[in-house]
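With the hints as your guide, set chains D and V onto chain C.
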Amino acid sequence: MNYNIRAKDLPEQEFHYGHKACAGCGATIALRLAMKVLGERTFSALPANCMSAVSFIYPQMAFTTNAMITPFPSTAAVMSGITAGAKALGIKNFKTVGFAGDGGTADIGIQALSGAIDRGDEMVYICYDNEAYMNTGIQKSGLTPYGTKTTTTPAGENLPGSIKHKKNMFEIVAAHEISYAATASIGYPNDFLMKVNKAKNTKGTSYIHVFASCPTGWGAKTEMTVDIAKEVVDCGLWYLAEYENGEFKLNKNPKEFSSVKSYLSKQSRFKHLKEEDLEVIINHRNKKWKKIRNNWVF
Amino acid sequence: MTNNTRFVSGDEAIAMGARLARPNVISAYPITPQTIVVERLSDYIENKSLDAEFLHVESEHTAMAAAMGVSSIGARAFTATSSQGLLHMAECLHYASGARFPIVMMNANRSLAVPWSIYGDQRDSLGLLDSGWIQVYCEDAQEALDMIIQAYKIAENPEVLTPFMVNIDGFVLTHTYEPIELPEQELVDGFLPKYETLNKMSFEEPKSLCFSTSPEDNQEFKYMQDMAILKSIDVIEKTDREYGDIFGRYYYGMTENYKCEDADAVIVTLGSVCGTVRTVIDQMRDEGYKVGLLKIRYMRPFPIEDIRDIALKVSNLGVLEKNISFGYEGTVYTNVNSALSGLDLKIKTKNYVGGFGGRDISKEDIREIYIDMIENESFNNRVEYIGKECEYNEL
Amino acid sequence: MRPKVRKYIRPKKISEYPNTPAYESGHLVSINAGWRTFIPIVDSKKCIGCLQCYLLCPDGVIGRTEEDKVNIDYDYCKGCGICAQVCKFNAIEMKKEDK
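Protein chains in written order, with my numbering: chain C, 1 to 298; chain D, 1001 to 1395; chain V, 2001 to 2099.
Because the hints were derived from the structure by calculation, they are not lab data. Wrong hints could be hidden among the right ones.
What the simulated footprint calls covered on chain V by chain C, stretch by stretch (three residues with Cβ under 8 angstroms from a Cβ of chain C suffice, anywhere in the stretch; the number is not a length) [as the list claims (entries may be wrong)]:
id	segment
1	2025-2031
2	2042-2056
3	2069-2079
4	2084-2090
Okay, derived cross-link-like pairs now, DSSO-like style, lysine-lysine, Cα gap no bigger than 30 angstroms in a straight line [said to hold, decoys possible]:
id	chain 1	residue 1	chain 2	residue 2
5	V	LYS2095	V	LYS2046
6	V	LYS2088	C	LYS20
7	C	LYS8	C	LYS92
8	V	LYS2088	C	LYS255
9	C	LYS271	V	LYS2088
10	V	LYS2013	D	LYS1231
11	C	LYS20	D	LYS1222
12	C	LYS266	V	LYS2088
13	C	LYS87	C	LYS203
14	D	LYS1222	V	LYS2007
15	C	LYS95	V	LYS2004
16	C	LYS20	V	LYS2012
17	D	LYS1222	V	LYS2013
18	D	LYS1222	V	LYS2012
19	C	LYS252	C	LYS266
20	V	LYS2013	C	LYS20
21	V	LYS2095	V	LYS2004
22	C	LYS221	V	LYS2004
23	C	LYS8	V	LYS2004
24	D	LYS1194	C	LYS87
25	V	LYS2007	C	LYS200
26	V	LYS2046	C	LYS8
27	C	LYS287	C	LYS271
28	C	LYS92	D	LYS1194
29	C	LYS266	V	LYS2012
30	V	LYS2088	C	LYS221
31	C	LYS198	V	LYS2069
32	V	LYS2096	C	LYS271
33	V	LYS2045	C	LYS221
34	C	LYS252	V	LYS2013
Positions of the beta carbon are idealized from the N, C-alpha and C atoms, including for glycine.
Just chain C, with the same shape it has in the complex (with noise of 0.2 angstroms):
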């Protein structure tokens, strides 16, 4: 079944409008597209998160749709509720979404999150992956990768900003034999459009991992968000993929990595890496792609 969506085929109607995002704000672009796959008949819940510490500041209440905020651990325990609460009222073609960012998804909502897949609760949960804690201020989480300036990781002469790489937040989701897990990037919106309407029509869990660019917390011009989030798929720091069927999936197979050189410039968070940083940045790359090609379909 072909689950492509154009940009003409999206409903022009916006469900997520007039919120305080900041300019340039990757996640917002991620949260709109999913919203016009998902549409109307939708319950969003978000912990907090920059998400929504934007779209629900009384009065001004920027989602279209039914939403609510969670408490911070449990967006995934509160979209449990939201299905189970509205299944048992006979309520029909409805679907339960979760935006959850770093914190939500990986460290404090993990446990929640996990709790969900095991119980095969029907819903859309996307994690937008912005690398840090950018709400609170720009501090290290666990999808923060190796080498990176946070508040919480600063870079000086002792330690090159953050030392652990990137939680595989991915394949600790499918561990769990989730119905369907798949990482994106804003990026390559129209393979996101893909994936969330595959999730939209996936019976159980959905997990989507989607890389949401954030000038703000990274040092960027705010105008290359997009591109941004298409280089580090390029040059192999993020991959596309898919779990479904017990089987992971790589969906874009670079032949040749561009310069991860050139997508860090981008980013003053990583102005500081010096060249042994940059051969540990792409010896771990180069490490996870032999994994990837050896072991998944593509």
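Using the frame of chain C, we list chains D and V on its own:
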């Protein structure tokens, strides 16, 4: 005995009450001594005597978060917990009451670690009086069952819309057996209609819930929340009368007064120990003592008026509780004393704390309290630990 | 298609507040135009209607016209410049805005 008599534990009575209330979704995590509640509810769902979904949540925080999700869509939620679990979901208690979700939760009163103890005291729920939940304390399994049903009626009232905690003492009530009358489902259905509310998400009227406010607006929402829980006092009393009219059991509203009319000393207390106190009162009255009991049923909203009414008749009050706010006194005592402030009366009050970590409060302990209250003109200490098993010498 | 800003009068009495923290979705009381330094101007002669700018605007202010071109809701455009950047046909230019 009737056809509807059952010989059950407090936990089982709670499960039966929950089943009768027809919740749509149950999300609960097992914790001693609440476990029998969730096990029975699972049985009821399996044997189809209860049409609900059971969410096998992975923690208590999730249990309450899921219950909020259920309520946010306009469905009826139920959960149950105890001590550590109650504290684990503490953030969600404030969340639910602020969001005005009428969730009903049973709490098995159990001691909080450290030291670890699975046995009962009242520190868990009494430490959370500020969370915005209505809190009732039950004396026996029958009251527990009846209160679960009443809880939904009160909580879901459009002028109340406040979540409701039904407390029963761990082990003493959860695990001991007594005969109860099981209300008939049709009568419960007539008493407790389906949950209807505007405080929900729906496709007819899409809404944004649980939003944030600037300093300009926050206080107004808190004020409305406070007024609603105060308003619930009327609803509580009306519901108690209506329930009694239909099911034949009255609990007298916010408090119950047992032989206080002419009493020289009254114990003010809550929970299962009330049963023991009644027995001691009857024994001591036979001996010529004039003693009484004020059973506090609801700690929130607080029965200020009932406390003041007693103070007009009785000038010797002893507050007995299984709780201490370290560095000061028992919370129930603080609440009672505050209710008495401003009254131009000579009242003697004292706080008796005990029963920690499952220590029994015996008839002898109660008797000693009454004797202490009657024989002493004034008190040396505000707070006295009862039921000591060794000498509490100077440390 | 896109919600419009409404006139909001602050409650004078507490009864004018919603009685629970649940409010109408899509209720907007302020605009974001004041955030801009640069303003996107569309040259519809160069625009071929590929809709990439419409697709990728974080604020959803770019709408489709009947002729399959695009228009911009300047009440809510923050001037981030993504539209101009992703347009492969140079049909959008970011101009310094005179305020």
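Status of each hint after checking the structure:
no.	hint	verdict
1	2025-2031	holds (count 7)
2	2042-2056	holds (count 6)
3	2069-2079	holds (count 3)
4	2084-2090	holds (count 3)
5	V/LYS2095 - V/LYS2046	holds (17 angstroms)
6	V/LYS2088 - C/LYS20	holds (28 angstroms)
7	C/LYS8 - C/LYS92	holds (27 angstroms)
8	V/LYS2088 - C/LYS255	holds (24 angstroms)
9	C/LYS271 - V/LYS2088	holds (29 angstroms)
10	V/LYS2013 - D/LYS1231	holds (19 angstroms)
11	C/LYS20 - D/LYS1222	holds (25 angstroms)
12	C/LYS266 - V/LYS2088	holds (20 angstroms)
13	C/LYS87 - C/LYS203	holds (14 angstroms)
14	D/LYS1222 - V/LYS2007	holds (25 angstroms)
15	C/LYS95 - V/LYS2004	holds (26 angstroms)
16	C/LYS20 - V/LYS2012	holds (26 angstroms)
17	D/LYS1222 - V/LYS2013	holds (15 angstroms)
18	D/LYS1222 - V/LYS2012	holds (17 angstroms)
19	C/LYS252 - C/LYS266	holds (23 angstroms)
20	V/LYS2013 - C/LYS20	holds (28 angstroms)
21	V/LYS2095 - V/LYS2004	holds (25 angstroms)
22	C/LYS221 - V/LYS2004	holds (29 angstroms)
23	C/LYS8 - V/LYS2004	holds (23 angstroms)
24	D/LYS1194 - C/LYS87	holds (16 angstroms)
25	V/LYS2007 - C/LYS200	violated (36 angstroms)
26	V/LYS2046 - C/LYS8	holds (19 angstroms)
27	C/LYS287 - C/LYS271	holds (24 angstroms)
28	C/LYS92 - D/LYS1194	holds (19 angstroms)
29	C/LYS266 - V/LYS2012	violated (50 angstroms)
30	V/LYS2088 - C/LYS221	holds (18 angstroms)
31	C/LYS198 - V/LYS2069	holds (29 angstroms)
32	V/LYS2096 - C/LYS271	holds (29 angstroms)
33	V/LYS2045 - C/LYS221	holds (28 angstroms)
34	C/LYS252 - V/LYS2013	violated (59 angstroms)
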